[in-house]
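Novice: What follows is each chain in one-letter form.
Number of protein chains: 2
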Amino acid sequence: MLHRERSVPPEYIYPFDEWKMIERRFDSRFLAQSETIFATANGYMGMRGNFEEGAPVAYNGTYINAFHETWPIVYGEEAHGFAKTGQTMLNVTDCRLIKLYVDDEPLYLPTANLLQYERTLNMQAGTLERELVWEMASGKRVSVKSRRLVSFQHRHLAAVQYEVTLLNAKAPVVLSSEMAYAYHMDDAEQDPRKTRGFKQRPLSPSGGSAKDCRILLSHKTRNSKMTLACGVDHVIETACNYSHTLSRTDDSGKSVFAVEAQPGQPIRLTKFISYHTSRSAPPEALRERTDRTLDRAMRDGFSQLLEEQRAFLDDFWSRSDVEIEGDAAVQQYIRWNLFQLCQASARAEGAGIGARGLTGDTYEGHYFWDTEIYVLPFLIYTEPRIARNLLKFRHSMLEKARQRAREVGHPGALFPWRTINGDEASAYYAAGTAQYHINADIMYALKKYAEITGDVEFLHREGAEMLVETARLWVDLGFFSSRADGRFRIHAVTGPDEYATVVNDNTYTNLMARENLRFAVRTVETLRKDHPERFTELVDKTQLEVAEVAIWKRAAEQMYIPFDEKLGIHPQDDTFLEREVWDFENTPHDKYPLLLHFHPLVLYRHQVIKQADVALAMFLLGNEFTPEQKKRNFDYYDPLTTGDSSLSVSIQSIIAFEIGYIEKAREYARYAAMMDLADVGGNVKHGAHIASIGGTWLAIVFGFAGLRDYDGQLSFNPRLPKRIGHVRFCLTVRGQRLQIEMDRSQVRYSLQDGKELTIRHAEQELRVTLDAPAVVAVDDKPGAKVRSRESSARRR
Amino acid sequence: MLHRERSVPPEYIYPFDEWKMIERRFDSRFLAQSETIFATANGYMGMRGNFEEGAPVAYNGTYINAFHETWPIVYGEEAHGFAKTGQTMLNVTDCRLIKLYVDDEPLYLPTANLLQYERTLNMQAGTLERELVWEMASGKRVSVKSRRLVSFQHRHLAAVQYEVTLLNAKAPVVLSSEMAYAYHMDDAEQDPRKTRGFKQRPLSPSGGSAKDCRILLSHKTRNSKMTLACGVDHVIETACNYSHTLSRTDDSGKSVFAVEAQPGQPIRLTKFISYHTSRSAPPEALRERTDRTLDRAMRDGFSQLLEEQRAFLDDFWSRSDVEIEGDAAVQQYIRWNLFQLCQASARAEGAGIGARGLTGDTYEGHYFWDTEIYVLPFLIYTEPRIARNLLKFRHSMLEKARQRAREVGHPGALFPWRTINGDEASAYYAAGTAQYHINADIMYALKKYAEITGDVEFLHREGAEMLVETARLWVDLGFFSSRADGRFRIHAVTGPDEYATVVNDNTYTNLMARENLRFAVRTVETLRKDHPERFTELVDKTQLEVAEVAIWKRAAEQMYIPFDEKLGIHPQDDTFLEREVWDFENTPHDKYPLLLHFHPLVLYRHQVIKQADVALAMFLLGNEFTPEQKKRNFDYYDPLTTGDSSLSVSIQSIIAFEIGYIEKAREYARYAAMMDLADVGGNVKHGAHIASIGGTWLAIVFGFAGLRDYDGQLSFNPRLPKRIGHVRFCLTVRGQRLQIEMDRSQVRYSLQDGKELTIRHAEQELRVTLDAPAVVAVDDKPGAKVRSRESSARRR
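Chains as they are written, first to last, in numbering that gives the first Met the number 0: chain A, 0 to 795; chain B, 0 to 795.
Just chain A, with the same shape it has in the complex (with noise of 0.2 angstroms):
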């Protein structure tokens, strides 16, 4: 059940276009969401949506993911194992700034008449446009036209090329190219779910050079002693006169070009932007780094650029594009959503997946699970070379992860709640630490990305020592119980929903934990009867002995799994059914999110969910419920949920898909699309819910196409609701592309790239080959089961 208000935007606020986000009108409204939407990242860095001049801004922001100041958490009261280190991804120099004045008038948007104006984020170019025609007081009419982008190809490289052109008059323009760090101070709103402001300025100056039309600054962080470098270069192409000035101060730099424009002549500004900082070069050694990235982009130029970024563009929406027809808006939101994906993900290497990707600091650019559950299913199916390094980045923070679970008191590793640099930043431990679940939402992406990508390798190293150490939390974790005929019970954990902490056998928790462990121990024991070497080195990291792995799958068989009887649902944790339900009814929509309005007890103390919980379980580990149970589970907990997460309504969806809700389940997806477009939680303007933008493809693959990959296995069971026509998206299964097409009469498997594959489609097995695509035809009603056909492919 939603409980809000979706704002559908005027009709120049995207338009309909299948590759484009399109913006026709200034409007003030929507600057601070469009600072979101129009957003430009590669993984690696990103920057908002905030215009060449600077103003009208709303939340200026430029990102380097993983690059962040630490500040000691304070507590009012301070207890024993809280997290000590706070992170916060850094808002820094923002080197996209040029400057138009024309006769000294500066170009201002919410001021200018303005003639013509749309910007547009072109999806396939990979480029943010815009083009305007601003007719002065005097009469005069200034084109002006620009365009940017955040290389995918060029790791630390952004370009702007700005170009203006008088129109009807000649004039005196002055372009002044300018790079900024400010630093914004706290402000007064009190959203906890935002950044945090620091009391003093995070970066302080250490350095820079202004040569020719390059300016370089240097910056460094108080306390966590990083390193920044910025850069940018210039070329200015006009047939105009101009004259050029270079000046820096230690936090600012300016490239000033002041151009004598003749009418109809153009006058194009291209700049060279790049980035590097110390967490892939000494600090000593960025100045040069950064010098070596604009020589080699003043080399190539703008136009080689945009060629790159087309080409990258081109094969990522041949592995991972999903072709909607039916619903015209769904489609561009689609695609909006994936390419989001690409823009948090593609270059990311070495770090993670912030909740907001790199379009905001809201969250303080942490990594959460959303990487793992939302994110990483799609990264597998499509691109999984970059599954494999977010895995290889959690990897990397095992140890931080061993001494965190001491701390907390605990043998083995507990992966932090929210963090950057490996070190638990959850400042409220009730909806933080106590989501242990972390551990198992990591492993379960692991178990997934080995079965559909085969990477055995990954799986026996690395993979390896993460679970002997989550294994053993687990076991630590819990306890086999006198009172409940020696069922192993976890008490005292957060599961997803946070609107219920520190609970007992949260059942999610339990089955994940359940599945965490299994896997655990058949890994082991592959090793150690198939692998003696991989076991050995094992053993030699983790110290592990056999005798523990008996443990691990006592554990396991032992599991209590709360269980209503006379319902017949799983409670979503062991006293949640004793709760009170929530007075939906007397509670108005602007109360929502109700975290906002309530009292953590109040919330604690109802039957009243803030996402998918038990929903979510049933999807990921729908093997482990009878359709029965889905249903009435579904039944139970939907009214209950109020989506006041964006983690929800993907989820709801495919579950409402499963069960039969064919429009529910609808209704929900095109929630979980709209998400940021249509500013469901109001919330946009802090940037982007990735985790969201994941649960969309997963409601699209998961969803609609009814795609379970139980242990590995393929299975379809495909219903399109009303209105959609047809769907097309590719999977990358064990290294071969398989092809999902799906209409109203048929649904069509094929193997674009490699052999042969065997999946199944309802209650039927089917091959795929290269030459033999398999096709089933369907019933035409909407939401209807497959016809249980023999498929075209077995018939030959």
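What the hints contain is simulated information worked out from the structure, not anything from laboratory work.
Computed from the model, here is a short list of chain B residues facing chain A with C-beta under 7 angstroms:
no. : residue
1   : VAL73
2   : HIS490
3   : LEU595
Far from chain B by the CB rule (all over 10 angstroms, computed), these chain A residues:
no. : residue
4   : MET135
5   : SER223
6   : VAL234
7   : LYS253
8   : SER279
9   : ALA677
10  : GLU755
Glycine included, C-beta positions come from ideal geometry on N, C-alpha and C.
Since chain A is already given, all that's left is putting chain B on it; use the hints.
Specialist: Below, chain B without anything else, positioned relative to chain A:
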């Protein structure tokens, strides 16, 4: 079960004396704790037992009750309804200082060659005295005698008399009497119970004056906008020649007497000290008030102060003393405990009683439920006027409690878990705001106060108003559960035991809430029937509707009280018994208190108890339990109880007495009495544990003597443990003073004041009149129940 070692000090520390705490040798190991043990206070102001010379010093402390600074509570992660305003009782300007220089050598105890040394807290005189003889390297011997007091009679006055005599030579002597405000910055020690340092000095100077021998200083707080004025004046008496200089800065003052000391000629400096704050007078009047207090003190002189102090204490002891024979140390310990109760409460007037009284600023000087549950019984039975003041003080914060209820989402009133100014100051709601039982605790104390004193007036005005608002909160907080046959359940609350937080149906809370509701119903119904005018007043103040009372009644009737049929015990909360039992065997002594060594989640998921919870319910509402239940409950919970809180052993002692575990009871009572003197918690240096101190009195009166006073009916069931020969104490009941005198052969109940009182002794009803005491013979066997024999009173 106690998991702590107590440290027994050497014999020169607190050697046995019935009325004095003595220190026979300066020992720096005991410096910090002696500052607490030798603290002097009157409930309005308190001075730690720091030496006049200013050094050596561990924690210098001067406190004015309720004089505090506020600060915004910072949360790592904020949530709705979290307490916003921290409050810290300030360590104010130190006015005690008298530095001694002989031949320009300062007296510094750690290095001085002391031929004699004795420091004494005289609990009959109400003074802190010290006598020493200092032999200098030159062979000169100096006698130094000092005596000081914080006046009980004159709320704003303290005084020090410092007498120096050169014994065998002449020498220049300088007595530098100083006052100084020194702010100590935040130290690194991380103990959540300690007070917070400020980043900026909380007190800013706001003027002063210096004239003749008088210095006045004034300071203001930054945020709470409170003003403090303090002043000193001096009298010097000596036959020697001397000169005097006076000086003042913003933060300090000095009155220096340079004396040409002659052998055998005493030099006696008397210093009067006064503090006034804007809590009791307009800021601009404070200096005048201070002048007036000093004028009076100068006129009356030190000896009159001493006389008045003695008179005040004679009266106190006549009402409050507990005489014990048989356990020599225990008599001294008990007197010290009683004296602390006097020092913490005597002149509180318009303020509360902090968790450490005025002996330290641990817990920021906040007021907790300690006052109502641990201290008020003593005051109700010995000085009801002060008990009334404290309840009136709670009532004065009712409006803030109403606001707080709104913030947390309830109607009615929610008293703050910890506060100085009425605002909730608990920054950790799980062991703060969630302790809703504070409401019932206060109402419990109100009920006892009304029943024992017969003060119907207070009950019908302030009391009834608080009863209505607290009852409203309870019925909103809980709900009639359809899953539990319509029983009234209270979820997501924390009981007294803070090692289990945010639980469902805490037995203590539910029982106490029921008592609260019943008492509210009864009081409102009485008013409606018998006091229509009062009832109208009440309705005016609370907008009470008659229908509300019916719901309170139903909630009380339907209150769910967890009970485990199998074990025959009351679970501490609804799922307490589901938890894993703490592994006490493998927890070394140095891991206690557990809260300093384990993450809260680890504690919360185990059966391990910080402090009496079900046991406390069995004491406060013993009539709700059968004797068998009490025994089974005690047997179950006692081994799980760490005593990590100082609020525990006294209660465990009382229940142990009741169920006949006499030696265990005695041991626990000793622990309570010795809590501070033997430094059981290892933190006496930070202040005296006022709750445990109150608990010591409870352990004697409700333990040894077996007093129970359900609904105001007094009954006794005395049981003397081995080694205790004789116990005598008085109780003031409805204006009459009842003396109880127990020895091995009989118990004697006599009326010291009043006409007639009917009490019970075990199964017997006894009528005691002024002329006719009741004497009951008892079995001589230690701990045996009284023999059921006609009382001498009856036989007459």
